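Student: We have chain A already, so just place chain B on it with the hints.
Spelled out from the first residue to the last, the chains are:
2 protein chains.
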Amino acid sequence: MKIGILGSGVVGQVIGQKVAELGHDVMIGTRDPANLGEPRGWAPSLGAWLADTNGRGRVGTFAQAAAYGELLVNATNGLASLDALRQAGAQPLGNKVMLDLANELDVSRGMPPRSLATDDRSLAEEIQAAFPDVRVVKSLNTMNANVMVDPRALAGGDHTVFLSGNDAEAKAQVAELLRAFGWTDIFDLGDLGSARGVEMLLPLWLRVWGGLGNVPFNFKIVR
Amino acid sequence: MKIGILGSGVVGQVIGQKVAELGHDVMIGTRDPANLGEPRGWAPSLGAWLADTNGRGRVGTFAQAAAYGELLVNATNGLASLDALRQAGAQPLGNKVMLDLANELDVSRGMPPRSLATDDRSLAEEIQAAFPDVRVVKSLNTMNANVMVDPRALAGGDHTVFLSGNDAEAKAQVAELLRAFGWTDIFDLGDLGSARGVEMLLPLWLRVWGGLGNVPFNFKIVR
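Chains A and B are the protein sequences, given in the same order.
Here the first sequence stands for residues 1 to 223, numbered as in the numbering used here.
Here the second sequence stands for residues 1 to 223, numbered as in the numbering used here.
Quick caveat, the hints were computed from the structure, so don't treat them as lab data.
All of these numbers come straight from a predicted model, not from anything done at the bench.
For glycine and all other residues, C-beta sits at the position ideal for the given N, C-alpha and C.
Incorrect hints may have been included.
[Claimed, not checked] Only part of the chain A face toward chain B is listed, based on derived beta-carbon distances under 10 Å:
1) V10
2) D120
3) F162
4) G190
5) R196
6) W205
7) V208
8) L212
9) N218
10) V222
If we strip away everything but chain A, and leave its shape as in the complex, we get (with noise of 0.2 Å):
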């Protein structure tokens, strides 16, 4: 399959890379292409991330990663979001099925960053509005980028994966693309108004975070 990855930042490339293991073709879309050789925030640059893909990685513009793409990943900062992919463009976007796993912090007003996401909206609820025919599937927001492609690296797997989107036949690709990662305990939440409910737990996931000390960990549902 072919996957555009919007966003190159670190969750991007842990995605792109994965996928590329996997045995998909994988195109990152970012705002400067050319730049291949300098760090992206936290992670390395593009050109060491093409040389970790076996020649199954391309760099294109958002436009080009969201043609490029048969299902496309929203992996760009939550804040900037609806700006990327209204510089990818309504007509590759299409009706593609994208796993939407940005948030929102706003790191304006001090540490740690505030959630914008309330009982009232979620960014992937907005994704969809401004791009109706966009199949949204919210997922993998949750946890940090290792533990979204490798699950089985913390406690064996046994600990869950949430899913929030409108269509059924969306929701099914995404979860065939989670077990291949490793996933075992996928928890379809409902319709794409569930997201709210995965958005909103960053606060509470950046506490657990500053409490283990930067330590690989993910919520489990126990039933």
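Tutor: Below, chain B alone, put in the same frame as chain A:
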């Protein structure tokens, strides 16, 4: 110990019965203490509750329960908590430790109820601001009442309860009560600002509850 519980619904009654079983004396405070005969929402009448407490239970006004308790529990509906605490009055509340387990869930705009918690405010912080001498500890608001008081009945107790508060001694007192309930994984999130995180968990909780079909469950931090 004498425990004062504000709120006569399911949560107040279940907590009250549990602390009576543990050998504490307990008073439930309510708006209408003379009404012992009628059910309390989904809970039995206070007359039935009294009969289950082996002589350790009492019923009084909010002010009487606040004056009675050496440790206080806010088990009122979160939308009415500040009003109930003002009825109790700052003088009987004093500088007591108050375990706040309330959630603000607005049902006026349909189901599922909307949580009012955001990353800019929490009920626990508003209670603390209104009664600066009270030592507010947020805990137990992320599960149903039966799980609160009998964690071992679910997966042998292998799941997590959170603790938020500004006073270390108050948190230690609440943690001691939690251990008496059977809790072993008691996760201290830090100051009372972290109550935003646990209050913001409710929208996800409600979706999981709906998905599982009203069976006992809880969150676990897998690390």
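Student: Does each hint hold? Answer for all of them.
Tutor: Status of each hint after checking the structure:
no.	hint	in the structure
1	V10	20 Å, violated
2	D120	7 Å, holds
3	F162	8 Å, holds
4	G190	6 Å, holds
5	R196	5 Å, holds
6	W205	8 Å, holds
7	V208	6 Å, holds
8	L212	6 Å, holds
9	N218	5 Å, holds
10	V222	4 Å, holds
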